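Visitor: Start from chain A and add chain B according to the hints.
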Amino acid sequence: MALDLGMPILVVDDYQTMVRIIRNLLKQLGFEEVDDASDGTAALARLKNRKYGLVISDWNMEPMTGYELLRHVRADENLRTTPFIMVTAESKTENVIAAKKAGVNNYIVKPFNAATLKTKIEAVCGA
Amino acid sequence: MGGAINARMAAPAMPKAVGAATTKPAATSAKPSLIRELVDIADYITHVRNEIAALRANELTRDRLPMAHEELDSVVQATAGATNSIMTAAEEILSLPDDGNYRASVEARMNDIFEACTFQDITGQRIRKVVDALRQLETRLSRFATAVKARDEAGIDPAEMERRMRDELLILNGPQLKGPATPQDAIDALFD
Numbered sequence: 001m002a003l004d005l006g007m008p009i010l011v012v013d014d015y016q017t018m019v020r021i022i023r024n025l026l027k028q029l030g031f032e033e034v035d036d037a038s039d040g041t042a043a044l045a046r047l048k049n050r051k052y053g054l055v056i057s058d059w060n061m062e063p064m065t066g067y068e069l070l071r072h073v074r075a076d077e078n079l080r081t082t083p084f085i086m087v088t089a090e091s092k093t094e095n096v097i098a099a100k101k102a103g104v105n106n107y108i109v110k111p112f113n114a115a116t117l118k119t120k121i122e123a124v125c126g127a
Numbered sequence: 001m002g003g004a005i006n007a008r009m010a011a012p013a014m015p016k017a018v019g020a021a022t023t024k025p026a027a028t029s030a031k032p033s034l035i036r037e038l039v040d041i042a043d044y045i046t047h048v049r050n051e052i053a054a055l056r057a058n059e060l061t062r063d064r065l066p067m068a069h070e071e072l073d074s075v076v077q078a079t080a081g082a083t084n085s086i087m088t089a090a091e092e093i094l095s096l097p098d099d100g101n102y103r104a105s106v107e108a109r110m111n112d113i114f115e116a117c118t119f120q121d122i123t124g125q126r127i128r129k130v131v132d133a134l135r136q137l138e139t140r141l142s143r144f145a146t147a148v149k150a151r152d153e154a155g156i157d158p159a160e161m162e163r164r165m166r167d168e169l170l171i172l173n174g175p176q177l178k179g180p181a182t183p184q185d186a187i188d189a190l191f192d
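These protein sequence lines map, in sequence, to chains A and B. Note that the first sequence covers residues 1 to 127 in the numbering used here. Note that the second sequence covers residues 1 to 192 in the numbering used here.
Keep in mind that the hints were calculated from the coordinates and are not lab data. A quick note: this is a predicted structure, and the numbers were derived from the prediction, not measured. Where is the CB? At the ideal position from N, CA and C, for every residue including glycine. Please note that a few of the clues may not be correct.
[Stated by the list, open to error] Okay, the calculated beta carbon distance ranges per label pair: (1) B:Asp192 / A:Asn49: 57 to 63 angstroms; (2) B:Arg135 / A:Ser38: 34 to 40 angstroms; (3) B:Ile113 / A:Tyr15: 17 to 23 angstroms; (4) A:Gly6 / B:Leu134: 49 to 55 angstroms; (5) B:Arg56 / A:Met18: 37 to 43 angstroms; (6) B:Thr61 / A:Lys27: 34 to 40 angstroms; (7) B:Arg103 / A:Lys101: 49 to 55 angstroms.
[What the hints assert, rightly or not] Derived SDA-like pairs: lysine to any residue, alpha-carbon spacing no greater than 25 angstroms straight-line: (8) A:Lys27 / B:Asn101; (9) A:Lys110 / B:Pro175; (10) B:Lys178 / B:Asp188; (11) A:Lys118 / B:Gly179; (12) A:Lys92 / B:Arg109; (13) A:Lys92 / B:Pro183; (14) A:Lys48 / A:Ala102; (15) A:Lys110 / B:Leu190; (16) A:Lys27 / B:Met87; (17) A:Lys27 / A:Lys92; (18) A:Lys110 / B:Ser85; (19) A:Lys27 / B:Arg109; (20) A:Lys118 / A:Thr17; (21) A:Lys110 / B:Asn101.
[As the list claims (entries may be wrong)] These stretches of chain B come out as covered by chain A in the derived footprint (C-beta under 8 angstroms, 3 or more residues): (22) 65-76; (23) 165-177.
If we strip away everything but chain A, and leave its shape as in the complex, we get (with noise of 0.2 angstroms):
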């Protein structure tokens, strides 16, 4: 299956230089449909106004964490089956395990590179 460039994608991280970074790696890859939100909350209310492809998410991040983002995305009944990638410094194995277990699609450690996050959106939306 091909990825669908013309999905809509939300970035959620505290730090719009990451932000800007993610966003202008997406547009590399063809997707143009780029919102962003800086914490859980407000990425909430962004999900339940908008149906997207792929959130891409910070861990550490106030007064919602990614964590708890994707645990609330998890629990939801319209959004459960978001495809969700988490994207943070949190690289100890705890972190992943805990994600996994509150179903995270996939996991990248920061600092990335573009392929890394090309390489995960296509094994997360079925490239």
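Guide: Then chain B, alone, in the frame of chain A:
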């Protein structure tokens, strides 16, 4: 501290004061002891006052700590500004038309990137100033703690306790000092 001093004064003085009401020899032996005790306390207070003065707390709170805040704020602003300039140049390069001016346009943006990278020298100097200030603070606090034989209050600071509980609950470990704790390859293996 006041309680400790009072305890030191009261403990030896009380039995002798009781004895003083009944027998005269006990009263005369109590006086030099009490005086010695008071002299010790006065010496201790002088010592602590000298150590507090050596802390130069006013200088720390008036000059050094605000300086450290300002320097670190400047570092944050400089790195953000440089990142912004570099990303803007990169975005402009990516959207350049493929025409005869392409090379000249790329070279102009590359110069912008080189200029933006000069932040590193200045931020390095700023961070060194902050490190020096922190080192001085550490030295003075360490000397003071040793001089007054300070012991930490039992238990953990409530704000710190709250922070630790949040970190534990939400598994917030933060970035590791020497790169990722788990390499990307090992993480990938968990998702294959």
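Visitor: Now look at each hint and say whether the structure bears it out.
Guide: Now for the hints, and whether the structure bears them out:
no.: 1; hint: B:Asp192 / A:Asn49: 57 to 63 angstroms; in the structure: 35 angstroms, violated
no.: 2; hint: B:Arg135 / A:Ser38: 34 to 40 angstroms; in the structure: 36 angstroms, holds
no.: 3; hint: B:Ile113 / A:Tyr15: 17 to 23 angstroms; in the structure: 20 angstroms, holds
no.: 4; hint: A:Gly6 / B:Leu134: 49 to 55 angstroms; in the structure: 52 angstroms, holds
no.: 5; hint: B:Arg56 / A:Met18: 37 to 43 angstroms; in the structure: 41 angstroms, holds
no.: 6; hint: B:Thr61 / A:Lys27: 34 to 40 angstroms; in the structure: 48 angstroms, violated
no.: 7; hint: B:Arg103 / A:Lys101: 49 to 55 angstroms; in the structure: 52 angstroms, holds
no.: 8; hint: A:Lys27 / B:Asn101; in the structure: 24 angstroms, holds
no.: 9; hint: A:Lys110 / B:Pro175; in the structure: 9 angstroms, holds
no.: 10; hint: B:Lys178 / B:Asp188; in the structure: 20 angstroms, holds
no.: 11; hint: A:Lys118 / B:Gly179; in the structure: 22 angstroms, holds
no.: 12; hint: A:Lys92 / B:Arg109; in the structure: 38 angstroms, violated
no.: 13; hint: A:Lys92 / B:Pro183; in the structure: 9 angstroms, holds
no.: 14; hint: A:Lys48 / A:Ala102; in the structure: 20 angstroms, holds
no.: 15; hint: A:Lys110 / B:Leu190; in the structure: 17 angstroms, holds
no.: 16; hint: A:Lys27 / B:Met87; in the structure: 14 angstroms, holds
no.: 17; hint: A:Lys27 / A:Lys92; in the structure: 30 angstroms, violated
no.: 18; hint: A:Lys110 / B:Ser85; in the structure: 21 angstroms, holds
no.: 19; hint: A:Lys27 / B:Arg109; in the structure: 20 angstroms, holds
no.: 20; hint: A:Lys118 / A:Thr17; in the structure: 19 angstroms, holds
no.: 21; hint: A:Lys110 / B:Asn101; in the structure: 36 angstroms, violated
no.: 22; hint: 65-76; in the structure: violated (count 0)
no.: 23; hint: 165-177; in the structure: holds (count 7)
Hints 1, 6, 12, 17, 21 and 22, counting from the list given before, are not met by this structure.
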